[in-house]
Amino acid sequence: MKDLREKLKGKIIDIVQPREKRIYIRVEPKKAPEVIEYLFFKYKCKFCTATGMDIREGIEIIYHLAREDKNMVINVKTLVPYPNLEIKSIGKKIPAFRWVEREINEMLGVTFIGHPDMRRLLLADSFPKGKYPLRKDFKHSDVNDEDYDYERSGI
Amino acid sequence: MKRTIIPLGPYHPLLEEPEHFKLYVEGERVVDLDVEIGYNHRGIEKLSEGKTWDQVPYLVERICGICSTSHPMAYCLAVEDLVGCDIPKRAQLIRVVVCELERLHSHLLWVGLAGHFIGYNTVWMWAWKYRETILEICEKLTGNRNHYAMFKTGGVRRDFNKEQIEYALERIVEVEKPIRMLTDAILDDPVIHKRLKGIGVLKKKDAILYSALGPTARGSGVPWDARNDEPLDGFKDLKWKVIVQKDGDVFSKGVVRLLECFESVSLIKQALLNLPEGGAIDADIREVPPGEGCGRYEAPRGEVFHYVRSDGSNMPYRHKVRAPTFNNLPTFKASCKGETIADVALIMASIDPCYCCTERVAVVDKNNNEKILREKDLLKLSVEKTRNIMKKLGKAPPLYNMEI
Amino acid sequence: MGVLKKAFKKSIWVFHLSTAACNNCDIEVLELLTPRYDVERFGIKLVGSPRHADALLVCGSVNAHAKPRLLEVYRQTPKPCLVVAFGSCGCSSGIFRDSYSIVGPVDKVLREEDPDVKIVYIPGCPPKPEAMIEGIIMGLGAI
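Note that the protein sequences, when read in sequence, are chains A, B and C. Just so you know, the first sequence maps onto residues 656 to 810 in the working numbering. Just so you know, the second sequence maps onto residues 188 to 591 in the working numbering. Just so you know, the third sequence maps onto residues 206 to 348 in the working numbering.
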């Protein structure tokens, strides 16, 4: 962890290692693409996935990367504050990130600037627009059969 | 105008969902590929937020029918990472046994389906026949052929008694010989070599850029295996090795899966013989404090990743699931370019996804004429190519069966 | 009913449709074709198009992607036909019942189209192959 702290100085807010195989790095949304690209290309990490989470101040996005030969999972956390949920897309440069950015966009409403292909991934085309299932104010009963616009699915 | 695409009947389960593929072609060659998924979306991550910590394994088991232990395993590892506790030794080895049994039956399922798709129906019937033996072992040990409900946070729910262990050791030895016979017959067959080698090559640098997982990556020379990379308790003390092949084509991926079957049999035998006498099977986690944890496990198709965040209550605040095919599907963009349509369905099968996806494939040529190929058409194209190869080599090998 | 009994006297052709499912039930259906259970000796055959089918085997809880397709397939199947909803998901949506993305179990969706549809329920997660064979035969007997 010490070598990471040295190399990423100035770009991150803090870095902690609560257990042997887990590192958590906190960054500002503007610096996130730089840090991730460093970890992916120079530090030889593999991309596992990215999690979006609705907390009170905004949407927290955690990018999970793994450094296999050192048995380490490195988590890069960044908070995208309400009301402007925008962050630069990493999928532009690294293909592995494209699908998960589409998923976070449709589930939580975060815009990824510069993403080459922002379409719906998991939700049906007939799912009502403007509703984001993984937000905390969305309940399962908020969408019923009547709300689906089956015309849009083309059948 | 949008076409009616019906995702039907399965042939093979995918971890996430059946998909709809769109191929852009020039003549016979594929120039680009598009994948649409979402047909199996059931809102599992949101459902997790309404279940208690102990109820979630029942939910995540049903994400996929074939990798039905991988998801609860990764979830339990994530919660144990959060809490920071150690699992008793007996529980670790029981977990190894159940997980490796699942890997065996999943790989045999794939072998059968791949055989069916290139026209070797005998391979299909034999592979599934031996798979039944493994499902019987699972039923004797856990009570069900699939969806075992064996895992809980902190350990396992049920123990094995002497009678079950003896039964399992006897039957697993029965399975080893036929798998060896099948493997040798497949690897020595010149028609299969000609049919599968050099098709759908995924280069090593593409595998890393797309972060491919499981046999898809190991077939391209990238030695990622979560059992080794974590490393997982239980696997640390047993003798096994990570199987890697270099060429990146469909043949290499098949070889990785076949050789992994032998490693699985060896792991099951070692785990059953080294079970400690008596001992707890549960670390008895009473409370989940605020915090976060990640769990990774190697499912038959690749690494499964679960992340949990807790705010101290009795339900997860956020539970993220990522199945391996999510990372593997986009690799088609890199491996399908320049291939013929007859081979595309085979390349899709080689990453071990759902065949519901290839039920309907839309093919768009450069004049923007679109036509729909059904599963029957794809199967016919693929079997015809195999027959042409056989004619050229002048022989029909023993495992080949012309009927469809 | 005489016509129905005559129609179903010979071999049954079954069309399998999987809506939002974990695919475990689907694999159990395929296992019926393997040497262990071998339903082809009873004449039960899996066909590739709903237009040739006598029975529809539907599994999975139905989500918004699948609903229009399920209705379309039901319309294309020649009547009289038997619908078999199998697995816990097919019978009642199972553990996914409350989810935002599930629009209803199979019987609720099909009854919108045809209130008199005949459905056989085979519960289980997944139902054993023996249970499936018994369920189909029971359903044919009831018709």
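Bear in mind the hints are in silico, worked out from the structure with no lab data behind them. Please note: incorrect hints may appear among the correct ones.
[Unchecked claim] Derived contacts from chain C toward chain B, CB cut-off under 8 Å, selection only:
1) Thr239
2) Pro240
3) Gly344
The beta carbon of each residue, even a glycine, is placed where N, CA and C say it ideally should be.
Now for the hints, and whether the structure bears them out:
no.	hint	in the structure
1	Thr239	4 Å, holds
2	Pro240	5 Å, holds
3	Gly344	19 Å, violated
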